[in-house]
Amino acid sequence: MIWDWEFAVEIMPILLQAMLITIGATLAAFVVALLAGLGLALLRFSSPLQAPKRGIRWRLLGGAVEFVRTTPILVQLYFAFYVLPTVGITLPPFVVGMLVLGLHYATYLSEVYRAGIESVARHQWEAGRALNHSRRHMWGRVILPQAVPPMLPVLGNYFIALLKETPFLSAITIVEMLARAKIIGIEYYRYLEPLTIVGILFIVLSVAGAFGVRGLESWNVRRLSQGRTSARRARPEPKGAPLT
Amino acid sequence: MDFTRLVSTILEGLGVSVQVTLISIILTFVISFIAGFGILSRFRALRWTSVVLVNIFRGVSVLVLMFWFYFALPLFGIDLTALVAGVLALSLNQGAYGAEVVRSAIQAVPRGQTEASIALNLSSWHRMRRIILPQAFRIMLPSFGNMQIQLLKASAGVSLITLADLTFQANLLRQSSPQNTTLIFVILLVVYYLLAIPLRASVSGAERLLSKADRA
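Residue numbers (our numbering), protein chains in the order written: chain U, 1 to 244; chain B, 1001 to 1216.
Extracted from the complex, chain B is given alone in its bound form:
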């Protein structure tokens, strides 16, 4: 098999990998904020639930979580497709880390900002939305960028629960043409490396945009 055939066969898994990564990124973002605000909530029940859930989903390995969703949940009558199980495991796990990112960023905004908004008689919604979050968001950005790359890397795990992503395709290819093993995995590594580039660019782009908005 020649080089282009190898590349095109591996890239048949590109759609699945990109899909899993992108959905997980969005879901992680949402979960991070919900759980992050949950930890900061003034209601004790909500606070404790969030802390416990975050520690559970953070403490368990993402791959174990994936297997659990895929193999164990059906026994409760909840049958998830491999895609849903994979995405859910990735985003709950990474979202638990993200919750801590959101929490610490909000707490890192100087107290004076809160005090000033109270002095200006802003509503608590207004205070969070207009004063605290815009500053906190800046602090979160680098970590969110990191999380995107983490998600891309961890997405290779879905090949182990039968999803035909890049890694899965490469493995199939290795079995059908073992004489190309080295080349196949080199291609696969390079593809993942290239996929990380737009992810990184998106975060540094957002950072630039925010600092521009700052100066304006």
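Bound conformation, chain U alone:
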């Protein structure tokens, strides 16, 4: 028994449906990561005009971030899935999955934010202050327009990396693509077609994502060649982060 096209075509719609769950999970977790990462960055890092943050709370937070970053997502998923109910918090598995994936990636993204903001030259901050800009004006009109564009390709890479973590969600009963393929495999006792299709779908999604990231990169280059912002790029690679 080798590849059966009829069977492959038959299961395709079910797998495509599961792909929507995978994409939805990735998007939801990424939103969590973007927001929580921003929160973490604000708590952990300071603008170049302020004194760098030190002290016990800063250290504890840094240690916690490090801990989340160096322990497996799968174990974190189990932890949230099995331990939260014992303290009286019962959430649907999908929500648990989003929160865990999102928080894990927030620890990477906080570094992306930091690098993006640090890539804005110090004199921009000083000039902003010298011109007596309000805080809002300073961030909204001076810092962020320069800090955000170089972050976008990096964020895009993490988005693709996050997509590839979603099969771990199958371990906490979420039926995304891999779980669906496994169910089909058990039902028909044919694993080859569903697993191969899922693999191909993942490759298609991540290659498409990579093209998107390349688009963002060349958009950045075009912007920079118009000479509007400093040429420094955000290139963070926190310990334990997936390579992108």
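Errors might be hidden in some of the hints.
[As the list claims (entries may be wrong)] Distance condition first, Cα-Cα at most 20 Å in a straight line; then the derived SDA-like pairs of lysine to any residue: (1) U/LYS182 / U/ALA8; (2) U/LYS182 / U/THR196; (3) U/LYS182 / B/ALA1082; (4) U/LYS182 / B/PRO1074; (5) U/LYS182 / U/GLU6; (6) U/LYS182 / B/ILE1161; (7) U/LYS182 / B/LEU1073; (8) U/LYS182 / B/THR1162; (9) U/LYS182 / B/LEU1075; (10) U/LYS182 / B/PHE1071; (11) U/LYS182 / B/PHE1076; (12) B/LYS1212 / B/GLN1135; (13) U/LYS53 / U/GLU66; (14) U/LYS182 / B/ASP1079; (15) B/LYS1212 / B/ILE1139; (16) B/LYS1212 / B/LEU1133; (17) B/LYS1212 / B/ARG1200; (18) U/LYS182 / U/GLU10; (19) U/LYS182 / B/LEU1080; (20) U/LYS182 / B/THR1081; (21) U/LYS182 / B/ALA1072; (22) U/LYS182 / U/ILE172.
[Said to hold, decoys possible] Across the chosen pairs, the derived CB separations fall in these ranges: (23) B/VAL1018 / U/ILE200: 31 to 37 Å; (24) U/PRO48 / B/ASN1121: 46 to 52 Å; (25) B/TRP1125 / U/TRP5: 45 to 51 Å; (26) B/ILE1118 / U/PRO48: 42 to 48 Å; (27) U/VAL207 / B/PHE1137: 27 to 33 Å; (28) U/VAL9 / B/LEU1014: 41 to 47 Å; (29) B/SER1176 / U/VAL175: 23 to 29 Å.
[Said to hold, decoys possible] Some chain B residues judged to face chain U by a derived CB distance under 10 Å, without partners named: (30) VAL1060; (31) PHE1067; (32) PHE1071; (33) GLU1100; (34) SER1159; (35) ILE1184; (36) LEU1189; (37) TYR1193.
Quick caveat, the hints were computed from the structure, so don't treat them as lab data. Ideal placement from N, C-alpha and C gives every residue a C-beta, glycine not left out.
Fit chain B to the known structure of chain U by using the hints.
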């Protein structure tokens, strides 16, 4: 069950976890270099094969790859044990990322170095081995360190293809003594965290060694 019993039961999976991680680290290293040089090869066929393979193994999720090796390959008559399937999936996936690390590090060595070696009439082997690689290796090191931790983290996935690693043991334990669920997973997380420490130390050690060799 008391604390020490819990710890010792979970640690029964330590051997498998360490084994999977260490073999994968070595294999990843080898694959990274082979594929990295493949991408840089001057032969078009080799170059394209490497690029395609790297994109396939990078694009597919490591867990999907693992399942594919374990459940789908036997249908082609290739029966891999769970250990081989797990290690192969981990190292091919991470090695594909590593190939890009190797490629970009080699390309990051200034062109003048290549030109100077040509001017000095060094053979191309000599040029790569003595001039380019030692400089490129330095650039690769932090990323390789990161990859080791990634591999350790991803190794927990082998519990899903029936390998009795740390995570697998913890899950069994949770089923047999559910009243200890919280403690079991706290222990498991801490064990993984502790395992990452020597991995990180090995890379910073290598970095120190190289910069010492530089000064000497």
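Of the hints stated earlier, which fail here?
No hint contradicted; all consistent.
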